[in-house]
Amino acid sequence: MRLKFRLNGRPVEVEVPPGRRLLDLLREDLGLIGTKEGCGEGECGACTVLVDGKPRLSCLTLALQVEGKDVLTVEGLAQGGKLHPLQEALVETAGVQCGFCTPGFLMAAYALLLENPNPTREEVRAWLSGNLCRCTGYEQIVDAVLLAARRLREEKGAES
Amino acid sequence: MRLRPIPAVKPRSLEEALRYLEEGGRPLAGGTDLLVAIRKGQEKPELLVYVGELPELRILREGPEGLEIGAALTHAELLVHPATERFPILRAVLRTIGSPAIRAMGTLGGNLVTASPAGDSLVALSLLEARVRLVGPRGERELPIPEFLVGPRKTALERGELVRSVFLPYPEGHPRSFFRKVGRRRALIIAVASLGALVWVRDGRVERARLALGSVAPTVLRPRDVEEALVGRPLAPEAWEDLVPVLSAATQPISDLRATAEYRRKVAGRLLLALAEALQAGP
Ligand SMILES: Cc1cc2nc3c(=O)[nH]c(=O)nc-3n(C[C@H](O)[C@H](O)[C@H](O)COP(=O)(O)OP(=O)(O)OC[C@H]3O[C@@H](n4cnc5c(N)ncnc54)[C@H](O)[C@@H]3O)c2cc1C
Ligand code: FES
Ligand code: FES
Chain Y
1 MRLKFRLNGR
11 PVEVEVPPGR
21 RLLDLLREDL
31 GLIGTKEGCG
41 EGECGACTVL
51 VDGKPRLSCL
61 TLALQVEGKD
71 VLTVEGLAQG
81 GKLHPLQEAL
91 VETAGVQCGF
101 CTPGFLMAAY
111 ALLLENPNPT
121 REEVRAWLSG
131 NLCRCTGYEQ
141 IVDAVLLAAR
151 RLREEKGAES
Chain B
161 MRLRPIPAVK
171 PRSLEEALRY
181 LEEGGRPLAG
191 GTDLLVAIRK
201 GQEKPELLVY
211 VGELPELRIL
221 REGPEGLEIG
231 AALTHAELLV
241 HPATERFPIL
251 RAVLRTIGSP
261 AIRAMGTLGG
271 NLVTASPAGD
281 SLVALSLLEA
291 RVRLVGPRGE
301 RELPIPEFLV
311 GPRKTALERG
321 ELVRSVFLPY
331 PEGHPRSFFR
341 KVGRRRALII
351 AVASLGALVW
361 VRDGRVERAR
371 LALGSVAPTV
381 LRPRDVEEAL
391 VGRPLAPEAW
401 EDLVPVLSAA
411 TQPISDLRAT
421 AEYRRKVAGR
431 LLLALAEALQ
441 AGP
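Line by line, the protein sequences are chains Y and B. Residue numbering for the first sequence follows this note's numbering, beginning at 1 and increasing consecutively. Residue numbering for the second sequence follows this note's numbering, beginning at 161 and increasing consecutively.
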């Protein structure tokens with residue numbers, strides 16, 4: 001099919017089998033290899049992207065399911081060469097070790113902050129429950145999300 | 161293992177979708193069950209028919225008697241929509257499904273048609289005595305939940321048919337809602353056993369109760385004898401103890417990787433006392 005959608009803010013048009021996984025479309029056809037494949041079965045969250053602002057597992061999404069939609073991947077987080085506050089915070093709290101799970105955590109956390117800019121620690125933990133990390137033990141990641149949330153709120157407060 | 165692209169279509173209308181289904185297509189909504197099963201080699205459909213965005217399957221209609229929920233609405237959508245406020249039991253159940261991404265993808269229709277013994281929404285739909293509205297080549301029909309769920313992973317859905325919506329009658333009065341799921345991992349828990357209940361309370365006693373158990377029988381189970389025996393009892397676990405073995409005996413659990421039958425039976429009994437405790441603690 002001729003698939004049209006928006007990817008990281010830009011319109012994209014590609015020829016793709018409608019039953020191709022979004023994960024393969026992103027990584028292999030479009031060269032966006034930030035999105036990772038862990039389990040391929042919905043259990044690890046490494047492949048999380050946002051579709052119309054909601055978290056989605058790209059390993060369980062077919063190309064035709066994003067027709068006309070707005071897809072955001074980890075490559076779309078940094079703006080103008082500057083890391084997103086979530087990315088900065090993850091570096092600061094040592095929430096990244098091998099980094100394999102990081103894009104998935106970033107996208108899930110980004111979706112959380114869209115919905116709830118001021119989450120509690122417990123809410124962050126519960127929200128990230130679908131993302132697995134073999135290295136960090138999660139607390140640093142939760143710290144990073146809380147730190148980024150605070151900075152984003154302060155930024156917003158300063159603007160208005 | 162790579163998932164080879166399976167032929168898939170996105171019909172623009174319900175009629176077009178039904179035509180594909182008649183030719184042997186398989187409905188796909190959120191994909192959180194079906195695409196996993198395909199990857200594991202448990203399912204080999206020849207054509208996937210994406211029904212997740214058909215407007216007919218995405219309605220949410222509040223009528224005088226109840227709420228009609230389109231099959232393709234996602235768990236996350238149902239959790240935040242004001243129309244589901246009148247069904248706290250539905251929300252209590254949907255909140256426990258998977259992770260945020262799974263809830264944003266998975267649909268009520270998909271959960272229903274998968275008909276897993278551990279399907280969480282089935283507990284709420286059974287308690288609410290929901291009716292399933294089907295549409296197919298020979299028109300529409302409506303089935304109550306017990307007739308729709310004919311066994312583990314088996315439904316009354318015929319070839320060429322789609323679940324169009326689920327109708328939830330408003331319960332009379334204001335029953336208290338309870339749902340508890342016991343599993344092995346906090347997130348993404350597939351229940352080892354779960355108990356949901358609607359309990360009408362009057363003057364500190366059970367006036368009427370509906371119970372539904374998940375994961376302890378081929379399909380969701382309503383233990384009618386326990387429901388009846390609860391009528392008139394005070395809201396105190398001590399006064400329910402004798403029903404624990406009755407409830408355990410009503411279950412027909414299996415042993416699998418997640419738990420033994422014996423353990424499931426025990427957990428089900430314990431959950432009854434947890435319900436009594438929750439009722440005693442107050443709304
Ligand atoms: C990591 C993970 C965690 C999960 N956790 C839970 C959990 O906690 N509790 C739980 O209950 N489930 C859980 N699930 C299972 C699954 O997410 C749910 O059952 C979900 O509701 C399925 O909906 P879907 O739209 O994704 O279904 P799909 O995968 O699209 O379809 C499932 C089945 O329904 C059929 N179908 C779909 N829509 C229709 C329709 N309108 N008419 C006729 N047939 C239709 C399909 O042909 C297929 O057979 C989990 C799954 C994963 C991968
Ligand atoms: S790769 Fe998609 S959830 Fe693990
Ligand atoms: S940093 Fe290695 S898996 Fe999370």
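Worth flagging that the hints you see were computed from the coordinates, not collected in a lab. No experiment lies behind these values; they were computed from the predicted model shown. Note that the Cβ used here is the ideal one computed from N, Cα and C, for glycine as well. Treat the hints with care, as some may be off.
Distance windows between CB atoms, simulated [as the list claims (entries may be wrong)]: (1) Y:Cys39 with B:Gly364: 27 to 37 angstroms; (2) Y:Glu122 with B:Ala441: 17 to 27 angstroms; (3) Y:Glu155 with B:Pro329: 25 to 35 angstroms.
Where chain B lies over chain Y, by a calculated footprint (3+ residues, C-beta under 8 angstroms) [claimed, not checked]: (4) 16-24; (5) 41-50; (6) 60-70; (7) 108-115.
The following residues of chain Y were derived to be distant from chain B, with all beta-carbon distances above 12 angstroms [what the hints assert, rightly or not]: (8) Ala78; (9) Thr120; (10) Leu128; (11) Asp143; (12) Glu155.
A quick look at each hint next to the structure:
{"no.": "1", "hint": "Y:Cys39 with B:Gly364: 27 to 37 angstroms", "verdict": "violated, 49 angstroms"}
{"no.": "2", "hint": "Y:Glu122 with B:Ala441: 17 to 27 angstroms", "verdict": "holds, 21 angstroms"}
{"no.": "3", "hint": "Y:Glu155 with B:Pro329: 25 to 35 angstroms", "verdict": "violated, 48 angstroms"}
{"no.": "4", "hint": "16-24", "verdict": "holds (count 6)"}
{"no.": "5", "hint": "41-50", "verdict": "holds (count 5)"}
{"no.": "6", "hint": "60-70", "verdict": "holds (count 6)"}
{"no.": "7", "hint": "108-115", "verdict": "holds (count 3)"}
{"no.": "8", "hint": "Ala78", "verdict": "holds, 22 angstroms"}
{"no.": "9", "hint": "Thr120", "verdict": "holds, 15 angstroms"}
{"no.": "10", "hint": "Leu128", "verdict": "violated, 8 angstroms"}
{"no.": "11", "hint": "Asp143", "verdict": "holds, 19 angstroms"}
{"no.": "12", "hint": "Glu155", "verdict": "holds, 24 angstroms"}
Going down the numbered hints, you'll see the structure goes against 1, 3, 10, while the others check out.
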